[in-house]
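**Student:** Listed here are the chains, written in short residue letters.
Number of protein chains: 2
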Amino acid sequence: MVRAAAEEFDRFGYDGTSLSRISAVAGGLSIGAVTFHFPTKGSLADAVRDEGRAVTLAALDRLAAGRRSALRTVVDLTLELVRLMERESSVRAAIRLGRERPDTGAWSDAWLPAVRELLEQAHEDGQLRTDARPADVTTLVEHLTSGAEAYLRARLGSGLDYESAVGQLKRVWHVALAGVSAEGHPGLRQPAAAAEEEQEPVLR
Amino acid sequence: MVRAAAEEFDRFGYDGTSLSRISAVAGGLSIGAVTFHFPTKGSLADAVRDEGRAVTLAALDRLAAGRRSALRTVVDLTLELVRLMERESSVRAAIRLGRERPDTGAWSDAWLPAVRELLEQAHEDGQLRTDARPADVTTLVEHLTSGAEAYLRARLGSGLDYESAVGQLKRVWHVALAGVSAEGHPGLRQPAAAAEEEQEPVLR
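Protein chains in written order, with full-length UniProt numbering: chain X, 1 to 204; chain F, 1 to 204.
It cannot be assumed that every hint is accurate.
[As the list claims (entries may be wrong)] Under 8 Å between C-beta atoms, here's a sample of chain X residues computed to sit facing chain F:
#: 1; residue: Arg99
#: 2; residue: Gly105
#: 3; residue: Ala106
#: 4; residue: Glu142
#: 5; residue: Ala148
#: 6; residue: Ala154
#: 7; residue: Leu156
#: 8; residue: Ser164
#: 9; residue: Gln168
[To be verified] If you want the ones that stay clear, here's a sample from chain X, every Cβ over 12 Å from chain F, calculated:
#: 10; residue: Thr40
#: 11; residue: Pro102
#: 12; residue: Arg116
#: 13; residue: Gln121
#: 14; residue: Tyr151
No lab work stands behind these hints, which were simulated from the structure alone. Ideal placement from N, C-alpha and C gives every residue a C-beta, glycine not left out.
With the rest of the complex left out, here is chain X:
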């Protein structure tokens, strides 16, 4: 039911979604069954937001536990966030609900503080160019992530073929990292430890 609700909130927004419509698309649940668990639309929206945040935080924890540099972790995280936007309606719904319901809180509240800390760490570790201040790189990350979401939302459901938002962001990072990283492209120089991880190389 939370999954059906996520798809509705993602597609139609908070105002455009009703409990009766969710019960109809959730495999024909009765409205009574829906309201037994979620007495109001707001409570169901909160559950969807919590699901979208939990998925996001799991990705963050997974990446933060890796052995890559702080800067590399930030780049990988942004790519993973955009991958989640592409695949998880709960994440897209959490983003949209954060915009449309002031009390919901922005989706970026779930991960932007971690990015800020990682970039402070990258700065301390000498991974950032001298005039790339952590606060400015944090703002860059925020802009790129919002830009990827806007790109995706304009194309989802349009029926048109389009480049994946993850592929786009990789191309953008390839350019921007040269302005951010003291080493140029950290993705191009993987330490042996990182090469053992299961993930594909981020930047080619």
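Put chain F on the given structure of chain X with help from the hints.
**Tutor:** Quick look at chain F alone, frame taken from chain X:
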């Protein structure tokens, strides 16, 4: 009346706006006076979109007529676009209507082709770093502009103090340009001719 409509479409979107509400906020015009000029909500939305695009194209023409380098013109244009987002409800409405009404066409259709051409020119003129491809820099520009709009929309009308979106974008360009420009920061090295222009220096 178009101005009143721009403010309504900007704040409440296409579905959330009605001709009767516009007539009420447009200095108490009768609904008959509104429908005399704009028989449908769609025709008024088209007029608002045209106004937002005209304002945008005027800024583009003004900057393209300047004597700055192609790359510098792109940076200045993005800052001017974000300045227009902050000041002009018709521009914000054109952006929002482009998202919410599929037939309206995206606002970026008005200026992104010019950015693409300018960046091809910058590439030919040797202003881009060797591995900063014009297509990738165009995508970067699109992401940064969408990111600035998302930032602004989350804060407009919130009643909270916030950093100007233009100020944010200047900080972001300061970092990203080092990855884009063959010279580092073209804004920091103004030719004598450019210094005579009336505009403030973009990057400090």
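**Student:** Next, verify each hint and record whether it holds.
**Tutor:** The hints, checked one at a time:
The closest approach between the C-beta of Arg99 of chain X and any C-beta of chain F is roughly 7 Å, which is under the 8 Å cut-off, so the hint is satisfied. The interface hint given for Gly105 of chain X is violated, since its Cβ lies 11 Å from the closest Cβ of chain F, which is over the 8 Å cut-off. Below 8 Å, beta-carbon pairs count as interface contacts, and Ala106 of chain X has one with chain F at about 7 Å; its hint therefore holds. Taking 8 Å as the C-beta contact cut-off toward chain F, the hint placing Glu142 of chain X at the interface holds, the least distance being around 7 Å.
Of the supplied interface hints, the one on Ala148 of chain X holds, with its beta-carbon coming within about 7 Å of a beta-carbon of chain F, less than 8 Å. The closest approach between the C-beta of Ala154 of chain X and any C-beta of chain F is roughly 7 Å, which is under the 8 Å cut-off, so the hint is satisfied. Among the interface hints, the one on Leu156 of chain X is violated; its C-beta lies about 12 Å from the nearest C-beta in chain F, farther than the 8 Å criterion. The beta carbon of Ser164 of chain X is not positioned within 8 Å of any beta carbon in chain F (closest approach about 12 Å), and the interface hint is therefore violated.
About 5 Å separates the beta-carbon of Gln168 of chain X from the nearest beta-carbon of chain F, less than 8 Å, and the hint is met. At roughly 21 Å, the least C-beta separation between Thr40 of chain X and chain F is larger than 12 Å, which holds for a residue marked as non-interface. Interface exclusion of Pro102 of chain X from chain F breaks down, the closest Cβ pair being 8 Å apart, not more than 12 Å. The claim that Arg116 of chain X lies off the interface holds: its Cβ sits roughly 14 Å from the closest Cβ of chain F, which is beyond the 12 Å cut-off.
Consistency note on Gln121 of chain X: stated as away from chain F, and its beta-carbon is indeed over 12 Å from all of that chain's, at 17 Å minimum. Chain F draws Tyr151 of chain X into its interface by the beta-carbon criterion, the shortest separation being 7 Å against a cut-off of 12 Å.
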